[in-house]
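> If you read the protein sequences in the order shown, they are chains X and L.
Using my numbering, the final residue of the first sequence is 410, and nothing's skipped along the way.
Using my numbering, the final residue of the second sequence is 438, and nothing's skipped along the way.
Simulated from the structure, these hints should not be mistaken for laboratory data.
From a predicted model like this one, the values you see are computed outputs, not experimental measurements.
Glycine included, every Cβ here is placed at the ideal spot set by N, Cα and C.
Treat the hints loosely; a few may be bogus.
Simulated pairs of lysine-lysine, DSSO-like, Cα-Cα distance not exceeding 30 angstroms [stated by the list, open to error]:
{"hint": "1", "chain 1": "X", "residue 1": "Lys306", "chain 2": "L", "residue 2": "Lys431"}
{"hint": "2", "chain 1": "X", "residue 1": "Lys306", "chain 2": "L", "residue 2": "Lys31"}
{"hint": "3", "chain 1": "X", "residue 1": "Lys306", "chain 2": "L", "residue 2": "Lys432"}
{"hint": "4", "chain 1": "L", "residue 1": "Lys140", "chain 2": "L", "residue 2": "Lys432"}
Listing some non-contacts, in silico: residues in chain L with all C-beta distances to chain X over 10 angstroms [claimed, not checked]:
{"hint": "5", "residue": "Gly68"}
{"hint": "6", "residue": "Gln258"}
{"hint": "7", "residue": "Ala338"}
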Amino acid sequence: MTTMTDPPGRGFRLSQLIYDTRYRSMTIQVVAMILLMLLFSWLVSNTIHNLQNLGKDFDFGFLSQPSGYDINQRLIDYNSQSTHGRAALVGIINTVLVAFLGCALATILGVIAGVLRLSNNWLVSRLMAVYVEGFRNVPLLLWIVLIFALMTESTPAPSAFRGENPDSTMLFDVFAITNRGVYIPAIHFGTPFFDNGFFNWLLVLIVLGASIFGIQRLRHWATEKQEATGARPTTWYFILGLLVIPTAILMVLMGAFWDIPSLQGFNFGGGIHLRNSLIALWLALSLYTGAFIAEIVRGGILAVSKGQTEAAYALGLRPGTTMNLVILPQAMRVIIPPLISQFLNLTKNSSLAIAVGYMDVRSTLGGITINQTGRELEGMLLLGLFYLVLSLLISGAMNIYNASVKLKER
Amino acid sequence: MSEVHAQTVAYVRDSMVEQREPPLSQSGAYKWIHENLLSSWVNVLLTIVSLWVIWVALSHVIPWAALGIWSADSLAQCREIRDEIYGAGASVACWAVISERWNQLLFGFYPPELYWRPVLAFVVFLAAIAPVLFASLPRKMLWGSVVAPFALFWLIWGGSIWMPVAVALGFVLGWAVLRFAGPAIGALGGVVLAIVVPVLYWLFLAGPLAGGLAAALPIGLEPVGSNDIGGFMLATIIGVSGIILSLPLGIVLALGRQSDLFIINKCSVIFIEVIRGVPLIVWLFTASLLLNYFLPPGTNFDLMLRVIIMVTLFSSAYIAEVVRGGLAALPKGQYEAADALGLDYWKSMRLIILPQALKISIPGIVNTFIGLFKDTTLVVFIGLLDPIGLSNAIRASTEWNGIYWELFVFIGLCFFVFCFSMGRYSLFLEKKLRREHR
Chain X
1 MTTMTDPPGR
11 GFRLSQLIYD
21 TRYRSMTIQV
31 VAMILLMLLF
41 SWLVSNTIHN
51 LQNLGKDFDF
61 GFLSQPSGYD
71 INQRLIDYNS
81 QSTHGRAALV
91 GIINTVLVAF
101 LGCALATILG
111 VIAGVLRLSN
121 NWLVSRLMAV
131 YVEGFRNVPL
141 LLWIVLIFAL
151 MTESTPAPSA
161 FRGENPDSTM
171 LFDVFAITNR
181 GVYIPAIHFG
191 TPFFDNGFFN
201 WLLVLIVLGA
211 SIFGIQRLRH
221 WATEKQEATG
231 ARPTTWYFIL
241 GLLVIPTAIL
251 MVLMGAFWDI
261 PSLQGFNFGG
271 GIHLRNSLIA
281 LWLALSLYTG
291 AFIAEIVRGG
301 ILAVSKGQTE
311 AAYALGLRPG
321 TTMNLVILPQ
331 AMRVIIPPLI
341 SQFLNLTKNS
351 SLAIAVGYMD
361 VRSTLGGITI
371 NQTGRELEGM
381 LLLGLFYLVL
391 SLLISGAMNI
401 YNASVKLKER
Chain L
1 MSEVHAQTVA
11 YVRDSMVEQR
21 EPPLSQSGAY
31 KWIHENLLSS
41 WVNVLLTIVS
51 LWVIWVALSH
61 VIPWAALGIW
71 SADSLAQCRE
81 IRDEIYGAGA
91 SVACWAVISE
101 RWNQLLFGFY
111 PPELYWRPVL
121 AFVVFLAAIA
131 PVLFASLPRK
141 MLWGSVVAPF
151 ALFWLIWGGS
161 IWMPVAVALG
171 FVLGWAVLRF
181 AGPAIGALGG
191 VVLAIVVPVL
201 YWLFLAGPLA
211 GGLAAALPIG
221 LEPVGSNDIG
231 GFMLATIIGV
241 SGIILSLPLG
251 IVLALGRQSD
261 LFIINKCSVI
271 FIEVIRGVPL
281 IVWLFTASLL
291 LNYFLPPGTN
301 FDLMLRVIIM
311 VTLFSSAYIA
321 EVVRGGLAAL
331 PKGQYEAADA
341 LGLDYWKSMR
351 LIILPQALKI
361 SIPGIVNTFI
371 GLFKDTTLVV
381 FIGLLDPIGL
391 SNAIRASTEW
401 NGIYWELFVF
411 IGLCFFVFCF
421 SMGRYSLFLE
431 KKLRREHR
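Next up, chain X with everything else stripped away, as it sits in the complex (with noise of 0.2 angstroms):
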């Protein structure tokens, strides 16, 4: 047992709470807890009482009322008569739709940019430094508005391509681009198993990703048959067989056939049509993040050092090899967390779409919704826990990735 060397304690005085150092960081978070509380009990009574003083009440309820308002672009059904709730729904849709094709063609922009600019060819390196800086300096907004303006002012009208000798023709007889949006051809379904299209294309993607997982498999059996015996036994026809027979069969059992558009009165039928707003967005969004996306793998590639490349050229690895094998993987560690931040500000820069009509969440929920039902406090609170949760999501899934690719130390 050891024996009590300490002088008796004098006992608890107030101004240890202060002097103290094993005290005082308590002292410092109640104060600040109590400070913080006060503020919020304040905020949160002055709404109450404003919104009493405005005869309004905090109720979502509004969301389940008939919205009275129609959207120009939509992937799933909604008209007029639908609630603000559905409304709001075809909003996130929008959203997400064109931060997903936004993040998609920025990081492929990016990736030939940043590689492009560490290339030998002084000309093309200072191409893509005239490219990055341009696009780094310059508001996105003012990208945005520019590219709408483009699209809306410089190409032709429908009316155009009229006539047997027209001002205008379409891209390779299936592409129309006109001052009204883009016209592409689509795929429909002559004998469609359901009756609302996106369970068939459901059904297609879940064939397709069931071939690619099937693939995955192939490869791995390749592999293993490779480390016994020596030979890697031939696969590539095996592999584009079941990439496409399989969807093909499909595709061919529902009837599908290409709808191209074509002119149909004062305007193009058929088709997909890519609004001009969104094709604006689009592009400015992915030309933008680009940029930065550009620098961001520059700097992943400069950071692996030169050792690595000579290391394994002394192997006798060829240059792809080695850039496959040996420099991606570990310039991905370095590039992977800011790519991470990229698409969120992608995602959240979305919400410029207001600049040019576009009906994302912002517009339908944050902005005609609030504007009809007067619930500028609940939509807005619903607007920003949207995006919270979306970017949260983005960087939960991002991080899960990164982690299985980050340097193992043991």
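Place chain L on chain X using the hints.
For chain L alone, coordinates are given in the frame of chain X:
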């Protein structure tokens, strides 16, 4: 081997070969072109494609911009002049829209006879910011930087001079309390008092004091409302205020996030994540639609002030994350060394940790500032007339209906100049502060 003798060597050099230039393929422009442009067939292809891109871009842009028409009253007149000079349908710019609306794009609807005030304010601002940016200037100039915000406010918004003076007195008061009362009642009490006294002064004394002084000695400028401020002036005011205010707030938030104190840590994390998770445009709408709900009934303050507050909070959350990265990048030994010297928390932060952490985070901080400056264009959505809002208004007017390239090129170039120079300054600062030997 014995047969091999020195004498049997068949050739001995007896004269030096003259030094010669390296072969043409190994030096000068030829080598450079060969290595940088034509080293392989892929490279040749890339070079040809780039040359073509450059040619297409320049051959369209240069004649268009250089032959532009500078004086006309409307787009129709511009086209008439163009048809007269270059023939119908030639593609030339109509810069007349810039020369006609130049003042509007710069100042918005600020009264034209008072343009000297923002111009003077801009000069004062440059003079005030110079000693902060460049350490080689005399340090005494920093006093000017301290006074400048009040002078700038007075110059731009006008009104009685006593208002900014009374507000400034509050800071002097706080400093005086810290300086003289602090030693008497202990450090912590001094800090608390230095915060409480000025706040009480601003709440209860500053208003009457300014009113009294204005009544006794009416010195002032003609007041200009916030609604009249627009264009690049608005963008600069919001951007610069946001930048200056968000840096200290961001640092405090970063320290809070790194702190061991549970409640403070969690509060900082929630604040940062919530602010960063929602687009700025939603915050701006919150500021314009909802802020009045949260404040006591009857409170109504300037929309521009609300925007500045929102922009500041927004970018401080981003800066907090950047600074946190800097704090985390410091070796643990630096913290331990500060503790070993017996420094308390604030002293160790101020003298050892923060200078290094901030140096590491300079690129990130400047990037955030550039982003903030570009984001000032978003205020167009809540009805403030920033450059893009003005360009929309100009495009909607009957004279200039249908014009877009010229306006967008001009606005884009202005932003480019601002943002690009900020980026270059950050590179300069990084180079200056580099301490490692390389």
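> If any of the earlier hints don't hold here, list their numbers in rising order.
none
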